[in-house]
Amino acid sequence: MTGNGEKAEVKDAFYVYGICEATAAAVIAAEGLPGAIEEDAGVELITVDGLSAVVSRVPLASYAELSLAENLTDATWTAVRAMRHQQVVEHFARRTSVVPLRFGAIYLEFEGVERMLTDRKLELKEIIERLRGREEWGINLYADRETLAGVIDSLSPRLRDLHEQAATASPGQSYLLRKKIETLRADESRSELQRISSEVEDTFRSLADETRRLRVLRVEATEHGELTAKFAFLIKRASFEEFRATAERLARKHELSGVRLELTGPWPAYNFAGD
Amino acid sequence: MNSPFEQVVLQSDIDELETSDLSLLETLDHVLNRGLVIAGEITISVADIDLIFLGLNVLVSSVEKAHEVLREREQGKNPGTSETEGLQTER
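Going line by line, the protein sequences match chains A and B. Under numbering that gives the first Met the number 0, residues 0 to 274 are what the first sequence spells out, in order. Under numbering that gives the first Met the number 0, residues 0 to 90 are what the second sequence spells out, in order.
Just chain B, same shape as in the assembly:
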């Protein structure tokens, strides 16, 4: 509890994930920017990924929006609902 870190992201713990917008950003950063690129028959290009990440980064950098996204994930809602629109207006 005396840790100097405000946020230590333990990916195995979903509760921690939910309390931290950082973890969502870091996840996006890892999943979109990194990893082995195996060109499937459909693959998004590196430049596209940078742009997508920057866009998401700006969008998701407030705790509130990160939680919105996570809530939707938890509830397994289909994108295209009002929540999606709410996010889009922020762009």
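Next up, chain A with everything else stripped away, as it sits in the complex:
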């Protein structure tokens, strides 16, 4: 129907998921492809000079600038597209080295995708090489402030001192001492959290080819405590087991301090594809 985009009644645009080597892409495509970002679309390849863009034709009615902005305010619409985007990128990432794009690279014409592949050929090939045989793992650190404060109380000599003084002081003094304890406890908790966070980052960094500390955009506290740090690591497939074992060791080590490690992955290397 829309094979000849220019002539079709309903104009399609080209949604790009990611880019990989053409030879690998052809083999993967021959084995069957996952569902596209839109129900009635297919996943196709646009190939130029050894590189293939993984694309779907999407209706301009939903993806043109204004309608896209509106659709994106609909959480369900966006969540569903994000999941499908991920499934397509992941399908390729499990089988070859892929440059994962984030949601929303849309071209009005087939030729626009071809031009992008031509113009960015060297950059894309460099990324494909850098990511080869690797995927991304995420580590999230959550802190339960109360548990951490309790541990700090029992470990810090200065805090232990203050607690003993407060126990025998007059009511007035005891009030001031408790204020002092709160401030000191908050300070020491913060630096302990920073220490653990650095330890975690350094430990995984030694196993990773690249490391990113990510912005924490998540606003709410969860049942696991407050999200305090978020890291991404680019890991060779051969090191997955060691990475996981290290995560388990660190998680056990810090759980009594009220610090939880959360391990997610493997992901397509979204955090290492550029920028």
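Wrong hints could be hidden among the right ones.
Covered, in the sense of this in silico footprint (three residues per stretch, anywhere, with C-beta under 8 angstroms from a C-beta of chain A), are these stretches of chain B [as the list claims (entries may be wrong)]:
no. : segment
1   : 25-31
2   : 49-55
In silico contact screen, one side only, chain B against chain A (beta carbon under 7 angstroms); selected entries [what the hints assert, rightly or not]:
no. : residue
3   : G34
4   : L35
5   : I37
6   : I43
Quick caveat, the hints were computed from the structure, so don't treat them as lab data. This one's a predicted model, so the numbers in the text were calculated from it and none came from an experiment. Where is the CB? At the ideal position from N, CA and C, for every residue including glycine.
Following the hints, put chain B in place on chain A, whose structure we already have.
Frame of chain A, contents of chain B only:
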């Protein structure tokens, strides 16, 4: 089974995906916030993406809603149904 992690997200396993709201949030986080930005003829801006993610994050942070979204995806339903409205009222 003796893992200290409550949630290890294995993206290859769709069953795991469904049992965890975390994985949906993480997916949104990855797909919306990260990845190479190749400016197509239509591209959403970085600031927009942050706002969208924050909005979704608040919305999807309960297991129940995450499952609703996943169910819809599984059934391949068209957005714009009553389920969509149900989600929107939560905003």
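Hint by hint, here is what the structure shows:
With 7 residues having a Cβ less than 8 angstroms from any Cβ of chain A, the segment 25-31 of chain B passes the three-residue criterion, so the hint holds. Using a Cβ-Cβ cut-off of 8 angstroms, 6 residues of the segment 49-55 of chain B lie near chain A, which meets the minimum of three, so the contact claim holds. Below 7 angstroms, beta-carbon pairs count as interface contacts, and G34 of chain B has one with chain A at about 3 angstroms; its hint therefore holds. Hint status for L35 of chain B: holds, given a least beta-carbon distance of 4 angstroms to chain A, under 7 angstroms.
Checking I37 of chain B against chain A by beta carbon gives a least distance of about 5 angstroms; that is within 7 angstroms, so the hint holds. Restraint check, I43 of chain B versus chain A: the minimum CB separation of about 5 angstroms is within 7 angstroms; hint holds.
Consistency with the previously given hints is maintained throughout, with no hint failing.
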